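Enquirer: Chains as they are written, first to last, in our numbering: chain A, 237 to 475; chain B, 237 to 475; chain C, 237 to 475; chain D, 237 to 475; chain E, 237 to 475; chain F, 237 to 475.
Note that these hints are calculated values from the structure, not bench results.
Keep in mind that this is a model prediction, so the values were computed, not measured.
One or more hints might be untrue.
Just so you know, same-sequence chains aren't split out, so a pair can sit in one copy or run between any two.
As the list claims (entries may be wrong) - Listed below are the simulated BS3-like cross-link pairs for lysine-lysine, each with C-alpha atoms no more than 30 Å apart in a straight line:
#  : residue 1 : residue 2
1  : K405      : K393
2  : K389      : K259
3  : K393      : K431
4  : K265      : K295
5  : K393      : K259
6  : K391      : K259
7  : K467      : K365
8  : K393      : K365
9  : K431      : K402
10 : K402      : K467
11 : K393      : K471
12 : K259      : K295
13 : K408      : K365
14 : K391      : K408
15 : K391      : K471
16 : K431      : K302
17 : K467      : K431
18 : K302      : K467
19 : K467      : K391
20 : K389      : K408
21 : K405      : K365
22 : K295      : K431
23 : K471      : K405
24 : K365      : K295
25 : K467      : K389
26 : K467      : K408
27 : K431      : K259
28 : K431      : K389
29 : K471      : K408
Number of protein chains: 6
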Amino acid sequence: MRIRIIVPIIVDVFNEEVEREFKTYASEKTEIEVVNLDRGTASIESEFDEALAAPDIIKKTIEAEKQGFDGAIIDCFGDPAVKAAREAVDIPVVGAAEPSMLFACSLGHRFSVVTVLENVIPMIENIAKVLGVYDKLASVRSVDIPVLELHDKDKLKNALHDEMLKAIKEDKAHVLILGCTGMMGLANDLHNMLKEEGFDVPVIDPAAASIKFIEALLGLGVKQSRLTYMKPPEKERNV
Amino acid sequence: MRIRIIVPIIVDVFNEEVEREFKTYASEKTEIEVVNLDRGTASIESEFDEALAAPDIIKKTIEAEKQGFDGAIIDCFGDPAVKAAREAVDIPVVGAAEPSMLFACSLGHRFSVVTVLENVIPMIENIAKVLGVYDKLASVRSVDIPVLELHDKDKLKNALHDEMLKAIKEDKAHVLILGCTGMMGLANDLHNMLKEEGFDVPVIDPAAASIKFIEALLGLGVKQSRLTYMKPPEKERNV
Amino acid sequence: MRIRIIVPIIVDVFNEEVEREFKTYASEKTEIEVVNLDRGTASIESEFDEALAAPDIIKKTIEAEKQGFDGAIIDCFGDPAVKAAREAVDIPVVGAAEPSMLFACSLGHRFSVVTVLENVIPMIENIAKVLGVYDKLASVRSVDIPVLELHDKDKLKNALHDEMLKAIKEDKAHVLILGCTGMMGLANDLHNMLKEEGFDVPVIDPAAASIKFIEALLGLGVKQSRLTYMKPPEKERNV
Amino acid sequence: MRIRIIVPIIVDVFNEEVEREFKTYASEKTEIEVVNLDRGTASIESEFDEALAAPDIIKKTIEAEKQGFDGAIIDCFGDPAVKAAREAVDIPVVGAAEPSMLFACSLGHRFSVVTVLENVIPMIENIAKVLGVYDKLASVRSVDIPVLELHDKDKLKNALHDEMLKAIKEDKAHVLILGCTGMMGLANDLHNMLKEEGFDVPVIDPAAASIKFIEALLGLGVKQSRLTYMKPPEKERNV
Amino acid sequence: MRIRIIVPIIVDVFNEEVEREFKTYASEKTEIEVVNLDRGTASIESEFDEALAAPDIIKKTIEAEKQGFDGAIIDCFGDPAVKAAREAVDIPVVGAAEPSMLFACSLGHRFSVVTVLENVIPMIENIAKVLGVYDKLASVRSVDIPVLELHDKDKLKNALHDEMLKAIKEDKAHVLILGCTGMMGLANDLHNMLKEEGFDVPVIDPAAASIKFIEALLGLGVKQSRLTYMKPPEKERNV
Amino acid sequence: MRIRIIVPIIVDVFNEEVEREFKTYASEKTEIEVVNLDRGTASIESEFDEALAAPDIIKKTIEAEKQGFDGAIIDCFGDPAVKAAREAVDIPVVGAAEPSMLFACSLGHRFSVVTVLENVIPMIENIAKVLGVYDKLASVRSVDIPVLELHDKDKLKNALHDEMLKAIKEDKAHVLILGCTGMMGLANDLHNMLKEEGFDVPVIDPAAASIKFIEALLGLGVKQSRLTYMKPPEKERNV
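Isolated chain A (complex conformation):
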């Protein structure tokens, strides 16, 4: 199966690491191929960024379908334009937040998300509300590091660890989700650090969650419902 990974930003600084991360988790038979946007923003940290990226995300999803891909992942924890893209195509489309949250629901009593900046906390809480799993959400916390500074992995790991401990102790989280797809390659280390401190909790890498989720959907032979995601009616469109 071939999966198109749409990294919904206009810079390619993450692409190499994204490809490595997805290949780590993808099944052997899954081919993945990473693209960026032509129009949009350098990172997504607001409703504003999501809105600017939306038209090109949809375009890239339609292209993926035309090029014969079996599914498309919009590789961002804000799930930008995921619903719009689902309307546009007949292949499964997933973001990173929904799969992460759904796996988390199964793994424990309550989950927390640790994300980049405070700016996106209401956005993530709203995703949980629309997805219908808000009662399982213990908290959304942030490490206060912008997306484009996530490359300092040690700093990031320490900051994530600190917030995860607070999520466990103060917010009663039993499962943890990395709340940005730029936080790659850290889930295992964080799991081990927390386990050594007495907290044997799952730590979910959102990119990993998205590829395992879409592989599962394809294995099941299902895609998004056309009663929820109806084909957009024909009309004049100028974008």
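Keeping the supplied structure of chain A fixed, place chains B, C, D, E and F upon it in accordance with the hints.
Expert: Just chains B, C, D, E and F now, kept in the frame of chain A:
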């Protein structure tokens, strides 16, 4: 006070009627000015249409602020890009769905929305979920008439009346909302028709709700919270 | 339009300030007229006080309608007898809590109320539950100052400021509501104080919210639904 | 133990039957004593009626405590002034709706209430919301018979039976509650009728529920929490 | 009336105290009789323990019915096998958690449970979710003492008192429930200790709640609904 | 990876078909191995059956871990003893309902389950409540065919199709789940039948969902949280 009305479509067929409708409900001292989009779609009937319209809606909102408008209304019941636009400016921004639903919460035990096409029902239900008033929503129904065919007012009025009766009798709605800003000039007639049949229920015109709501916010001297709608961080953006 | 303000207590110590406050926020064309109760209590700080005030609140609302007022505001954050009064008349009736909470829902992700005494916290939370906006309520806090001691404005402002900061930092409130209609003339100052500390959040004055809300309802040409607020059946009544 | 039954209306037409009904269900050692109101209404079928009855209900509750009663039941399914009365005294106070709904939660998956008039349906739904059991409420239905016409027991029983069948078949109710304390002496018959039709469901008599509930509270040695129902602060009161 | 108390463990160390506790709270006419399990575990502190105890709990409930008991109490705060047992018999069956939580809903705005070990906190929260009263649950806390070490009453009382104070101050609990049926004989003392500290809150003993609740059900003449708890279909069973 | 499939009944009539069904959906590298129970019931259609099966389900899960399996599936839509089994082992354990419901949440706005008998409807609704996805559940319907009569595939398919159409039209379901793991080999046909009638909705086979879900968890390298599913404390156990 000066309010910019952004009709978020690329055709101006509704503008004259929109202006008339808003002036009917606006306070005497309120100046309103209607604009369309340069890029977007001929009507909004899907997540897809909303996503395509989003970047230009934001641009038009920023322009409104620069031109000294006191507030901006995004004149569509899908509330497209409202949250993104709120981040971008320091003047109040409202759509049509949120104000309608909030007034409805105060007026009765449960409300229903009657909209254009089935396509947008999940979108409207999700607005209620994120706004936090989903428990008050009796139902969302549709008349199955596309936006660009709403000009046949008699057909529309009859169809709305029929669905409103069903909303009252089957879904136990006590308040009714017209679920598309293209459904202009009908709220009073529908209220009277229903009243004559024994159902003295408020019927809310969403354009009217949006102008009264933003006038109220301006009268209160408040705008959207900067803790929810933080300023988007500076970065490369190419749209 | 003429609005009757029912200050539902048996003393007139607040009347002058109430009149000034309402005139500050009312539209130019709105005439307001303040009355008190003949039977009731000196302030409202319990379910007990609300129950004792209820019959005369209804009587004063009926009088307002008979005297040709276009709407009635029950000027108390407990919204005492608001539902009963709505049944009794054909003009819109609002309290102070519902309008404040509904505006708050639109302005940010979560709101907190800061009220007078702990006694009324469950009452205010129950208003949010019945109104259907409980999921948006971050917290109800109190300054622990009885209604009849609110005249020391500096003490009150400091106490409100302290609790508002806690609501923001500990309860994650993004919008703030003054939870007593006796807390007049402070919303702007508190907004400015919080803004200077980095929290640009709306602060809602409940009296202001009630007048802007009822003006909006009258502008929309709607009143409470007769399916929720049915006319009370005729019968022997001895009060 | 001695329980004061406050039938919160100004006529005594129900008293004899009320006494018989309560004695049927009370434990042997429980003494019950029935009183009416001096000021109020002939029946309770609206928020309006509840508000008019409230002050005298409180007065009668305080009297009951002074006269050494161990608890007070406000014998009406609207639970009028129950919260206010709980603030005023140190003996347990219950209405009829709360106990009925709480027993129902334990007996089955979902319950319906069948009440007198449509007027009170929103009131009963709001009781369930504030009590916190709204998710268990399948529906509130009415037989469309005013309180003062409930004496035609055959008509009432048939009407109740018909609505109960609809509650079971259409609303998926598994437990049924008689939604007016005037519907006395019918619970067993209705249970048997439904059982014969293949629906072995509990039918709860609200007066019976209230006496068994308050006996249970007294047996547990508990009364309402003073953190929820704080003593009303001293002040001028003129009622 | 005769009630069978099933202490669902394989040791009889608690039986004498259980009998004393139940007799303290039971009505004079209620006969109680305590039994243990033949197969199961020495205490119940996990889903695992509950599952192992379940078959014999059901067997003991069926025996109780055959021996003519009028009702059965499964004397454990996890309510193990209560739903299964209700399917099996035609007499009322209750656990200890449901009755405690339902009484608590009536007594105050929010309740907390203080239980033995952290292990069972998700189980107790899930009981509240299924019972439909989760919105009233302020928190579940633990004293970190295993069931079989509860005999040190002074240590237990102090630990309970400390957690109860935290529940009141930090979690805003207004009603408290002892979250293990092994915590006998302490409710009154704890109530008095808290009252002296200014918190006049009900403290519910779960064994007491269960006996008063089932006596109330029997007094009402009702048992669990056969639409929720249908008779298990006949089939091969080998246990 | 090796997955143990525990068909939690004491007869092996389904095993061959179960093995075929799981192999259809499993990844190439997944080995599956089916076992039954020694003690339990011939089918699971009640809380009663689940309780009787629970101890041996746990035992079989522990055996699977000891024999080196990487995960265990409890192949029943009631998810019997899943939580208890998770406590007992360090490999992931899933039932069939949770994975089906979680995939459904992602695929559309609302889902319905069509199961065997009315008996299990409350059980399935309670699973959704505890899992936290109850707001997404449109309905649970039944075909009124016992588990052991599911072998008549044509009858079953027609009955499922009829109920699915009702779920779509009356309950507004957008995604459908087969609510019994005995309903094998039908999901694709049902999807195609509904699609031809204009309803292009996903139909989820619960066995398929469970194998894809556990493969995904193993691919992610996660298992159930030890903060939710703590190791049961050591004690005397006699089962």
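Enquirer: With reference to the structure, classify each hint as holding or not holding.
Expert: Going down the list of hints, with the structure as the test:
{"no.": "1", "hint": "K405 to K393", "result": "both (18 Å within a copy, 25 Å between copies)"}
{"no.": "2", "hint": "K389 to K259", "result": "within (20 Å within a copy, 41 Å between copies)"}
{"no.": "3", "hint": "K393 to K431", "result": "within (15 Å within a copy, 33 Å between copies)"}
{"no.": "4", "hint": "K265 to K295", "result": "within (26 Å within a copy, 35 Å between copies)"}
{"no.": "5", "hint": "K393 to K259", "result": "within (22 Å within a copy, 40 Å between copies)"}
{"no.": "6", "hint": "K391 to K259", "result": "within (25 Å within a copy, 45 Å between copies)"}
{"no.": "7", "hint": "K467 to K365", "result": "both (24 Å within a copy, 23 Å between copies)"}
{"no.": "8", "hint": "K393 to K365", "result": "within (28 Å within a copy, 34 Å between copies)"}
{"no.": "9", "hint": "K431 to K402", "result": "both (15 Å within a copy, 28 Å between copies)"}
{"no.": "10", "hint": "K402 to K467", "result": "between (44 Å within a copy, 23 Å between copies)"}
{"no.": "11", "hint": "K393 to K471", "result": "between (48 Å within a copy, 24 Å between copies)"}
{"no.": "12", "hint": "K259 to K295", "result": "within (24 Å within a copy, 37 Å between copies)"}
{"no.": "13", "hint": "K408 to K365", "result": "both (19 Å within a copy, 17 Å between copies)"}
{"no.": "14", "hint": "K391 to K408", "result": "both (24 Å within a copy, 26 Å between copies)"}
{"no.": "15", "hint": "K391 to K471", "result": "between (50 Å within a copy, 22 Å between copies)"}
{"no.": "16", "hint": "K431 to K302", "result": "between (45 Å within a copy, 22 Å between copies)"}
{"no.": "17", "hint": "K467 to K431", "result": "between (47 Å within a copy, 14 Å between copies)"}
{"no.": "18", "hint": "K302 to K467", "result": "within (16 Å within a copy, 37 Å between copies)"}
{"no.": "19", "hint": "K467 to K391", "result": "between (45 Å within a copy, 25 Å between copies)"}
{"no.": "20", "hint": "K389 to K408", "result": "both (26 Å within a copy, 29 Å between copies)"}
{"no.": "21", "hint": "K405 to K365", "result": "both (24 Å within a copy, 23 Å between copies)"}
{"no.": "22", "hint": "K295 to K431", "result": "between (43 Å within a copy, 26 Å between copies)"}
{"no.": "23", "hint": "K471 to K405", "result": "between (53 Å within a copy, 28 Å between copies)"}
{"no.": "24", "hint": "K365 to K295", "result": "both (27 Å within a copy, 28 Å between copies)"}
{"no.": "25", "hint": "K467 to K389", "result": "between (42 Å within a copy, 26 Å between copies)"}
{"no.": "26", "hint": "K467 to K408", "result": "between (42 Å within a copy, 18 Å between copies)"}
{"no.": "27", "hint": "K431 to K259", "result": "within (26 Å within a copy, 35 Å between copies)"}
{"no.": "28", "hint": "K431 to K389", "result": "within (20 Å within a copy, 34 Å between copies)"}
{"no.": "29", "hint": "K471 to K408", "result": "between (49 Å within a copy, 27 Å between copies)"}
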